[in-house]
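K.L.:
Read off the chains here:
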Amino acid sequence: SQTIHQWPATLVQPVGSPLSLECTVEGTSNPNLYWYRQAAGRGLQLLFYSVGIGQISSEVPQNLSASRPQDRQFILSSKKLLLSDSGFYLCAWESGGTSRLYNEQFFGPGTRLTVL
Amino acid sequence: QKEVEQDPGPLSVPEGAIVSLNCTYSNSAFQYFMWYRQYSRKGPELLMYTYSSGNKEDGRFTAQVDKSSKYISLFIRDSQPSDSATYLCAMRNYGGSQGNLIFGKGTKLSVKP
Numbered sequence: 013s014q015t016i017h018q019w020p021a022t023l024v025q026p027v028g029s030p031l032s033l034e035c036t037v038e039g040t041s042n043p044n045l046y047w048y049r050q051a052a053g054r055g056l057q058l059l060f061y062s063v064g065i066g067q068i069s070s071e072v073p074q075n076l077s078a079s080r081p082q083d084r085q086f087i088l089s090s091k092k093l094l095l096s097d098s099g100f101y102l103c104a105w106e107s108g109g110t111s112r113l114y115n116e117q118f119f120g121p122g123t124r125l126t127v128l
Numbered sequence: 003q004k005e006v007e008q009d010p011g012p013l014s015v016p017e018g019a020i021v022s023l024n025c026t027y028s029n030s031a032f033q034y035f036m037w038y039r040q041y042s043r044k045g046p047e048l049l050m051y052t053y054s055s056g057n058k059e060d061g062r063f064t065a066q067v068d069k070s071s072k073y074i075s076l077f078i079r080d081s082q083p084s085d086s087a088t089y090l091c092a093m094r095n096y097g098g099s100q101g102n103l104i105f106g107k108g109t110k111l112s113v114k115p
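Residue numbers (this note's numbering), protein chains in the order written: chain D, 13 to 128; chain W, 3 to 115.
Don't take each hint at face value.
[Said to hold, decoys possible] Straight-line C-alpha distance at most 30 Å; calculated DSS-like pairs for lysine-lysine:
no. : chain 1 : residue 1 : chain 2 : residue 2
1   : W       : Lys44     : W       : Lys58
2   : W       : Lys44     : W       : Lys107
3   : W       : Lys114    : W       : Lys58
4   : W       : Lys110    : W       : Lys69
5   : D       : Lys91     : W       : Lys44
6   : W       : Lys110    : W       : Lys4
7   : D       : Lys92     : W       : Lys107
8   : D       : Lys92     : W       : Lys44
9   : W       : Lys4      : W       : Lys44
[Said to hold, decoys possible] Away from chain W, derived, C-beta distances all over 10 Å, residues of chain D:
no. : residue
10  : Ser29
11  : Gly53
12  : Gly66
13  : Ser77
14  : Gln85
15  : Ser89
16  : Leu95
17  : Ser98
18  : Gly99
19  : Ser107
20  : Glu116
21  : Thr126
Hint data in this document are derived by calculation from the structure and do not stem from the laboratory. As the structure is a computational prediction, the values presented were derived from the model and not from experiment. Every residue gets a Cβ at the ideal spot worked out from N, C-alpha and C, and that includes glycine.
Produce the complete structure using the sequences and hints provided.
P.N.:
Have a look at this one:
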């Protein structure tokens with residue numbers, strides 16, 4: 013069966029510090045991968061998605077970047093964190109290789125980031 | 003008008019009650035609809051996935067889609083305290099960002115023993 017991992021689970025970082033969040037998926041090949049942010053009372057905001065190694069699409073201009081160095085690894089980064097980057101970061105996967113219109117999407121456990 | 007509207011609640015019901023959770027949407031091209039359950043401080047868990055209009059049942063859960071009214075519902079029968087969570091509706095975007103999921107903001111449900 014497929015499993016999605018995220019780490020760290022929680023993170024407290026000062027403003028201006030760098031960020032690296034990691035997501036890995038097991039039990040599947042060539043998944044589509046997604047990064048979302050969930051802020052209190054604001055719902056889920058799609059940040060980035062990737063349909064393959066090195067292929068990143070950005071949905072919202074921001075202080076963050078994403079990379080996919082391996083098939084089942086997705087990394088969210090920032091060079092300098094802002095207070096507004098605080099939130100709950102979720103990675104999600106779905107089966108790849110077909111149109112993104114039809115697939116069920118599954119979420120990881122999330123990383124809670126607090127920027128002070 | 004927002005693409006997906008969902009009443010944030012909170013909704014409080016006694017154990018055993020039938021719960022109705024709803025979302026409305028504006029884009030008539032949406033065809034794939036999902037319901038997620040999210041416990042506090044956890045990632046969302048996929049509950050139901052439906053295509054086009056009609057009903058789909060899974061145990062105590064029934065998902066209903068009415069495309070003519072642009073309205074989807076999730077019914078929970080015999081609700082349990084373990085059903086206490088935030089419920090998110092989501093639908094696949096057929097617009098400019100084709101394939102991305104558009105989420106409602108979630109309804110917080112509390113089932114009292």
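K.L.:
Now tell me if each hint is right for this structure.
P.N.:
Verification of the hints:
This hinted pair checks out: W/Lys44 and W/Lys58 have alpha carbons roughly 26 Å apart, not beyond 30 Å. Between W/Lys44 and W/Lys107 the alpha-carbon distance is near 16 Å, which keeps this suggested pair within the 30 Å criterion. Note on W/Lys114 and W/Lys58: the hinted pairing holds, with a Cα-Cα distance of about 26 Å set against a maximum of 30 Å. Note on W/Lys110 and W/Lys69: the hinted pairing holds, with a Cα-Cα distance of about 24 Å set against a maximum of 30 Å.
The hinted pair formed by D/Lys91 and W/Lys44 meets the criterion: a straight-line CA distance of about 27 Å does not exceed 30 Å. For the suggested pair W/Lys110 and W/Lys4, the alpha carbons sit about 19 Å apart, so the restraint of at most 30 Å is met. Straight-line distance between C-alpha atoms of D/Lys92 and W/Lys107 comes to about 28 Å, which keeps the hinted pair within the 30 Å bound. Our distance criterion of 30 Å between C-alpha atoms is met by D/Lys92 and W/Lys44, whose separation comes to about 26 Å.
A C-alpha spacing of about 26 Å is found between W/Lys4 and W/Lys44, which places the hinted pair at or below 30 Å, so the restraint holds. With a minimum CB-CB distance of about 23 Å to chain W, D/Ser29 clears the 10 Å threshold, and the non-interface call stands. With a minimum CB-CB distance of about 7 Å to chain W, D/Gly53 fails to clear the 10 Å threshold, and the non-interface call is violated. Residue-level check passed: D/Gly66 sits 19 Å from the nearest beta carbon of chain W, beyond 10 Å.
Separation of D/Ser77 from chain W is adequate, the least Cβ-Cβ distance of about 19 Å exceeding the 10 Å criterion. The claim that D/Gln85 is not at the interface with chain W holds, since no C-beta of that chain comes within 10 Å of its own (minimum 18 Å). With a cut of 10 Å on Cβ distances, D/Ser89 stays outside the contact zone with chain W, its closest approach being about 20 Å. Interface exclusion of D/Leu95 from chain W stands, the closest Cβ pair being 21 Å apart, more than 10 Å.
The claim that D/Ser98 is not at the interface with chain W holds, since no C-beta of that chain comes within 10 Å of its own (minimum 14 Å). A cut-off of 10 Å between C-beta atoms confirms that D/Gly99 is not in contact with chain W; the least separation is 13 Å. No Cβ of chain W approaches the Cβ of D/Ser107 within 10 Å, the least distance being about 12 Å, so the stated non-interface status holds. Taking the minimum C-beta to C-beta distance to chain W, about 5 Å, the non-interface status of D/Glu116 is violated against the 10 Å cut.
Interface exclusion of D/Thr126 from chain W stands, the closest Cβ pair being 13 Å apart, more than 10 Å.
Consistency note: the structure conflicts with the earlier hints numbered 11 and 20.
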